[in-house]
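*Asks:* What follows is the residue order along each chain.
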Amino acid sequence: MITALWIMIALAALLGMILGYASIRFRVEGNPLAEKIDAVLPQTQCGQCGYPGCKPYAEAIAKGEADINLCPPGGEEGIHKLAELLGVEFKPFGENAQPKPKAVAFIDEQTCIGCTLCIQACPVDAISGAAKQMHTIIAAECTGCELCVPPCPVDCISMVPIEEQLTNWKWRYPVFKLRQTS
Amino acid sequence: MLSSPFITRPLTVDRIMLRVLYALLPGITLYVWYFGPAILVSIALAVTAALATEALMLKLRDRPVRPFLADYSALLTGVLIALSIPPLAPWWLPVVGTAFAIAVAKHLYGGLGSNPFNPAMIGYAVLIISFPQEMTQWLSPQGMGHSVLTYGDQLRYVFSGVLPVGMQLDALTMSTPLDTMKTQLHLGMPMSDIRDLPIYGRLAGKGSEMVAAGFALGGIYLLIARIIPWQLPLAFLGTLFALSGIFNLIDPAHYAPPLFHWFSGAAMIGAFFILTDPITSPTTAKGRIAFGIGAGLLTFLIRAYGGFPDGVAFATILMNMCVPLIDAWTQPRIFGKKKGSER
Amino acid sequence: MTRLHSFHGGIHPLTHKKESTQSPIISAPLPAQLIVPFRQHAGDAAKPVVQVGERVLKGQLIGEPVGMISSSIHAPTSGTITAIELQQIAHPSALPDLCATLVPDGLDEWGVRQPLNYRQLSSDELQKHLRRCGIVGLGGAAFPSDMKLSHPVVVDTLVINGAECEPYITCDDMLMRERAEGIVRGIEILRHALGTDSVLIGIEDNKPQAIAAMQRAVDDSSHPFKVVTVPTLYPGGSAKHLIKVLTGVEVPSGKLPTDVGVQCFNVATAYAAHRAVEHGEPLVSRVVTVTGNVEQPRNYEALIGTPFSDLVALSVAKPDTNRYIMGGPMMGVELPAVNVPLVKASNCVIAASDALFPPPPAPMPCIRCTRCAQVCPVELQPQDLFWFAQSHNFGKAQEFDLFDCIECGACAYVCPSSIPLVQYYRYAKSEIRARDLEKRAADLARERHEFRQFRIEREKQEKAERLAQKERAAAEAKAAAATVIATPVDPTADADDTQQMRIDAALARAKEQAAAATPKNTEALTPEQRAEIEAIEARRAHIHELAADAGADDEPPKHSQGN
Amino acid sequence: MTDYLLILIGTVFVNNIVMVKILGLCPFMGVSKKLETSLSMGAATTFVLTIASGSSYLVNHYLLGPDLAYLTTLSFIVVIAATVQFTEMVVKKTSPVLYQVLGIYLPLITTNCAVLGIPLLNVQAKHNFIESLLFGLGGALGFTLVMVLFAGMRERLEGADVPAVFRGTAIAMVTAGLMSLAFMGFSGLVK
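Chains as they are written, first to last, in our numbering: chain F, -13 to 168; chain H, 827 to 1169; chain P, 7 to 569; chain R, 385 to 575.
A couple of the hints might just be wrong.
[What the hints assert, rightly or not] Here are the simulated lysine-lysine pairs, DSBU-like style, with alpha carbons at most 35 Å apart: (1) F/K156 - P/K134; (2) F/K77 - F/K49; (3) P/K466 - H/K1163; (4) R/K418 - R/K476.
[Claimed, not checked] Across the chosen pairs, the derived CB separations fall in these ranges: (5) R/C410 - P/H398: 25 to 31 Å; (6) F/Q151 - P/A343: 15 to 21 Å; (7) F/A117 - P/K484: 45 to 51 Å; (8) F/G80 - P/H398: 20 to 26 Å; (9) P/S12 - H/A1079: 48 to 54 Å; (10) H/A870 - R/M385: 20 to 26 Å; (11) H/G1064 - F/R158: 46 to 52 Å.
[Claimed, not checked] A few chain R positions that, by computed beta-carbon distances, are all more than 10 Å from chain F: (12) P450; (13) S459; (14) V463; (15) L500; (16) F513; (17) G572.
Quick caveat, the hints were computed from the structure, so don't treat them as lab data. A virtual CB, placed ideally from N, CA and C, is assigned to each residue, including glycine.
Throw the hints in and build the complete structure from the sequences for me.
*Replies:* This is the structure in C-alpha cells:
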C-alpha cells in the first residue's frame, strides 16, 4: 500500500515537473483569434450585438463570453463563417436579432438643423458637416448601422435600402420546378 | 430568366442507365441458361423492392416520384443486388437487401447523386454479414448437382422454403468456386487437385465463368459506347491480374492463376458495372486509376487472405470511402495553369 | 503551313450558319427612333455631353469616356436628342440603364470626319484616336480597343479572330466575304500600333468563302499576314483558345494575352479600326445577324441604337416566335424585351421558339458522370464547381478555379441531367464578387472606426493636457500672489510631473495595446494566415500614419465636436 | 520483423480502433467536419497514443510489475493526462488556430477511450516495449486514417440534399456505421 502511494506520488511529481517546464517553455501571449473573428465581422460598428463595436464583440467571442448569433448585419452567412472558424455548430438568429436589408442613412437636408449629434454618433465618421451647418451622409462610407437615427432631435435621418442596379446586379440561384418528365 | 446555353443535346440520365441495363442482358441470359430461372425471380423481387422503396422514400422526402422512378437508377441497384446473391435465396433476402440499400445507402444521403457508397454493394455487405448462411446457398449449375430441381420446385423453395420430398438442400447447393478454393486450400489440398474438382470448368467455376464472360461482353459494349470510363475496369482488372499473376508464379500450389480470379465471383460484374458507378467513383482520370488499383489490391487481399470468399463488394465500399480524398488529390491542371502551381 | 495546336474538350453543335449566309449584307433602313445606351463597353459608362433637345450630327460625340477603361459614344445619325433617361437595355437583369433617345431627321448628315494616315501616327496617337472614335471589341466582350493596344511588354504576334465558333452567328463570316480589303487594312493599322511582325488570321474551316476572300485580300495587300484555317470546334473562337490553337501558347490563368506576347482582335474590330482611321468614322453602326425563327435570315448593317424589333420586323419573325436571344445560342442573353436597342457588342439576334430551342427537361441531380469535364475547354471539373455552387460553398468553388470558367456552356450542352450549370457558375461568381466588395467595405469601415477611436482618445488627452495647463497657470498665479520671497518650492515641477505621468501612462497604454494586438507566436502559420496578419499590420501602420499626419497639422479632420 | 509489420497492419486496418473496436468515437464524430482539422486531431492523437503506450509500458513493467497490477488503470490515466496536457501546451503555442478549432476535444483526448484502451490492451496482450509502441502507433494511425476518410466524406456531404432530420450528426452516424460495415471486409485478414 505504501509502495503504491509512493509510486503514485513519484509519478505525479515527475510528470508535474515536466508539465511545469513545458508551461514556461511554451507560453503563449496575446489572442490572435480575436483578430480573426474581427476580420469576419461586417464592421458596421452598430452595437446590435450588445458590445460597443465589432472588435469588442470579437474579443468577447474569443473569450467564449458571447454567442455567435448576435450580429444581424453579418447575416446568416456571417454566423456560418464564425461557426466554421470556431468549429462550432451553426446557430440561427434569436427572435430580436433578425437581419434587415442593407441600407444607408439619408439626411433630409431641409429639416436638418446642424446639431452635430449624428456626427458624434457615427462610428465610422461617414457624416460630414459642422455645427449649425447642414450635414450630409457619405453614402460610400455609411455602414447602415442606424446609430445616427435615434440622436437626431428633428428626426431628419431615414434609412434608405440599397436598390439593385446594373452595377450591383447578381445572377440568381437557379430555381426550377421539378416537372414530371414524360 | 434562363441563362445560356439555349441549346443542349444530352444523353440523358435515364438513357445512360437504360444502356447499362441492356449491357447486363448477356450475363443474365447466360445465368439463366446455366443455373435456371430462379435468378429471374430474384431480380423481379429485388426490382420490385427497389422501386417500392424508392417511391416510398421520395414520398417521405416530399420529392416528385415519377422522374426519379423513370431514371432507372433504383432498378439498376435492384438488378445488381439480385445478381450478387444466391438465386435460391429465400424471397425476403433480395427484398431486405434492396430496401436497405435504397433507403439507407441512397436516400438518407439525399437520393440520386448524393450517396457516397455504392448502394448495391452496401445491400450485399449487409446481407452477407447478417445472413451468412442464406448467402452461401448457391445453386449448382444444371445437371451438375446430384439432383435437379424443376422450375416449379425452385419457385416453391424461394417462397416457402419447402423442398420436394427426399431432397436435401446440401445436395442442391454448393459454395462458390472462390469459396471452395479457399476452404480446400485451408484443408491443405494443392491447387492442381482443387482445379480437378467437378465444379471447376476451363478457367474458373463451371457455368459461372461463362456468366462472368457475359458480363464482360456487356462491359465491353459500355466501354465502346463510352458510357463508362475505361480507366476503372482497366486499372481494377489489371491490378487483379498482375497481383494474382505474381503470386501464382511464385507459389502456384497456393495461389490461383489470374484468369481464375478474373472469371470468378464478382470480378467482371464489379469491374464493369459496380466500380463504374459514376456517383461513387472518382471524377478525375488519375483518380479513377488509383481507385481501380486500390479496389483490385483489396479484392485480391480479401480473396487470398481474408475471411470472406469474395472481396469485390468490400473493396468497392472501402474505396468509396476514399473517393473524396482521391478526387481532392488528383485534380488535373487547368488551362493556363502550370502543373502543380498553387491552387 | 502553320502547325496547329489543340485544346482539351470542346463540342460540335449544329452550326446553322447556312441560313443567314445566302444573301449579302444590306443596310437596315433608318429607324423612327434610336436608343443609345451610354454603357456599351466593358468598364465605366460614358458621360453624356449633349443636352436634351440638342440637334446632333452623325458621328458627333454624345458621351465621353470616364476613367481608364471606358469609351466614347456617338450619335449614329443626325437628328434631335429627345431624352436622356433610364431605359431598358439588352441585359439579363432587365434593369434599365442611362440611354439617349435620338429622333433621326432623315438627312443622315455626317459631322466632321478627319481621315488620318496611320503610318504617320504613333501608337499613342492611334490609341487616342480609337478611344475618341469609340472603337471597342466587336466580338462580344466590348473591351475598349485602345486599352488592348497600350501594353507594357513587347507583343510579337497579332492574332485576328475570325473563328466565329458560335452556332447561328454569321456577321463576321459575311463581313470577311464582302469587306476583306477593309479588314486587312484595319489589321495593318492594329499591327502598326502594336509594332508586331507576325500576324495570324484564324478562321474556322466551315467558312471556305470567307477564307478565300481573306486570302485574296491579303495577297492583294502584299502584307505578310497568314490566313490560317482552324478546325471547327466550339469554343475555338474564345481568344485564349484561338491563341493556343494558332501559336501553341497558353495564356496563363488570370493573365492577359499580352503577358505572353500575343494580342488578339476580332475581324469586325479590325474593320471598325480601318473605318475610324482611314475614313474618320467613329463606330456608329455594325453588321448584325438576324436569324433563327424568321422568314428571311440574313445580315444587316445597322446603326447602333436601332431597336431589335425593327431588325426582326425586316426579317419577318414567324408567328410561333416567343422570345429573342442576343448573341449566339451558347453564350447569348435572352432579351428582356424585343424593343431594346442594338449595341456595339450585339453580333446576332436570334428569334427563338419552343420548336427551335426546346426548353430543357427538368434538371435531375448530378450523377458525376464527368461528361462536362470531358468537354470543358479550360479543363475544369464542372461537376465539382456545380456541387459547391449549388450548396453555396463559394470558398471551395473559388479554390476549384471557378473564375477561370469562360461560361462557354459546353458543360451544360452535354449534361445528362440537364442542369443549368452556367447559371450556377454565374450565380456563384456574382455572389463572390459582391462578397469581395462587402469585405472591402468592411475593411474600410474598420479602419475608419479605429481611427475614430484613436481620435477620440487623443482629444481626451488634449483636454486633460489643457486642464493641466490651466491648473498649472492657476497654481503659478497663486504662488506668485502669495509670497514674493517664498520657500523654494517649484509648483511647476509638481504640475509637470503630473502631466508627464499622464503622458507616460497614455504611452504605456498604447504600448500595451500594441503588444496585445501583436501576436508573438507567428511561426507555424499558413500563408493565408500570414497574409491576413500582414494586411492587419499594414492597416495598423496606415492608421498610425494618418494619426501622425493629423497630429502634425494639429487639427483632426472633420473636427466638429464642441470640446 | 514480420510480426511487427503484422501488428501495425492489423491495428490500422483489421482491428481498426474506431471502426472495429468502436473506441474513440467522441473525437471521431466531433472533429471530423473539416479535413485539415481531422488531420491535425489525428496527428495530436498519434503523438499522445504513441507516447502513452510507450510510457505506460514502462510504468507497468518497471514501476508496477505483477504485484501492483491494480494500479494499472490509475497510473495510466495519470500518464495519459500529463501527455495530453503537454500536447495541449505545444499545440497552443505552435498553432493557436488549431488549438481553438480542436477546442474541448484536445483536452478530451485524455478521456478518449482509445487512448486508455490501447495501453490496457497492450497489458492484456502482454506486448513487449516495441510491440506496445507499434500497437499504439498503429492504433493511432488507424484512428487518423478513418478520421481523414470520414472528414473527406463529410465535407462532400455538406452539399448533399440530405433529408432535414438526418442532417448533421445523424447522417454522420449513419456514415460511420456504413464505414464500419466496410471495415468488416478486413476481418480474418490478419489473425
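*Asks:* Could you run down the list of hints and mark each one as holding or not?
*Replies:* The hints, checked one at a time:
Simply put, F/K156 and P/K134 have alpha-carbon atoms about 34 Å apart, close enough for the 35 Å limit, and the pair holds. Between F/K77 and F/K49 the CA atoms are separated by roughly 18 Å; this keeps the pair inside 35 Å, and the hint holds. Distance check on the hinted pair: P/K466 and H/K1163 sit about 55 Å apart at the alpha-carbon level, beyond 35 Å; violated. Straight-line distance between C-alpha atoms of R/K418 and R/K476 comes to about 19 Å, which keeps the hinted pair within the 35 Å bound.
With their beta carbons about 30 Å apart, R/C410 and P/H398 fall inside the hinted range of 25 to 31 Å. For the hinted restraint 15 to 21 Å between F/Q151 and P/A343, the CB-CB distance of approximately 19 Å keeps it satisfied. A hinted range of 45 to 51 Å for the beta carbons of F/A117 and P/K484 is inconsistent with their spacing of about 35 Å. Take F/G80 and P/H398: their Cβ atoms lie about 23 Å apart, and the range 20 to 26 Å holds.
About 53 Å separates the C-beta atoms of P/S12 and H/A1079, a value consistent with the hinted range of 48 to 54 Å. For H/A870 and R/M385, the Cβ-Cβ distance of about 55 Å falls outside the hinted range of 20 to 26 Å, so the restraint is violated. For the pair H/G1064 and F/R158, the supplied restraint of 46 to 52 Å holds, since their beta-carbon distance comes to about 47 Å. Interface exclusion of R/P450 from chain F stands, the closest Cβ pair being 13 Å apart, more than 10 Å.
Non-interface status of R/S459 relative to chain F is broken: a Cβ of that chain comes within 10 Å, the nearest being about 6 Å off. Its beta-carbon lying about 7 Å from the closest one in chain F, R/V463 breaks the requirement of being farther than 10 Å from that chain. With 10 Å as the threshold on Cβ separation, the claim that R/L500 sits away from chain F holds: the shortest Cβ distance comes to roughly 16 Å. No beta-carbon of chain F is positioned within 10 Å of the beta-carbon of R/F513; the least distance is around 18 Å.
A cut-off of 10 Å between C-beta atoms confirms that R/G572 is not in contact with chain F; the least separation is 38 Å.
Checked against the numbered hints given earlier, the structure breaks hints 3, 7, 10, 13, 14 and satisfies all the rest.
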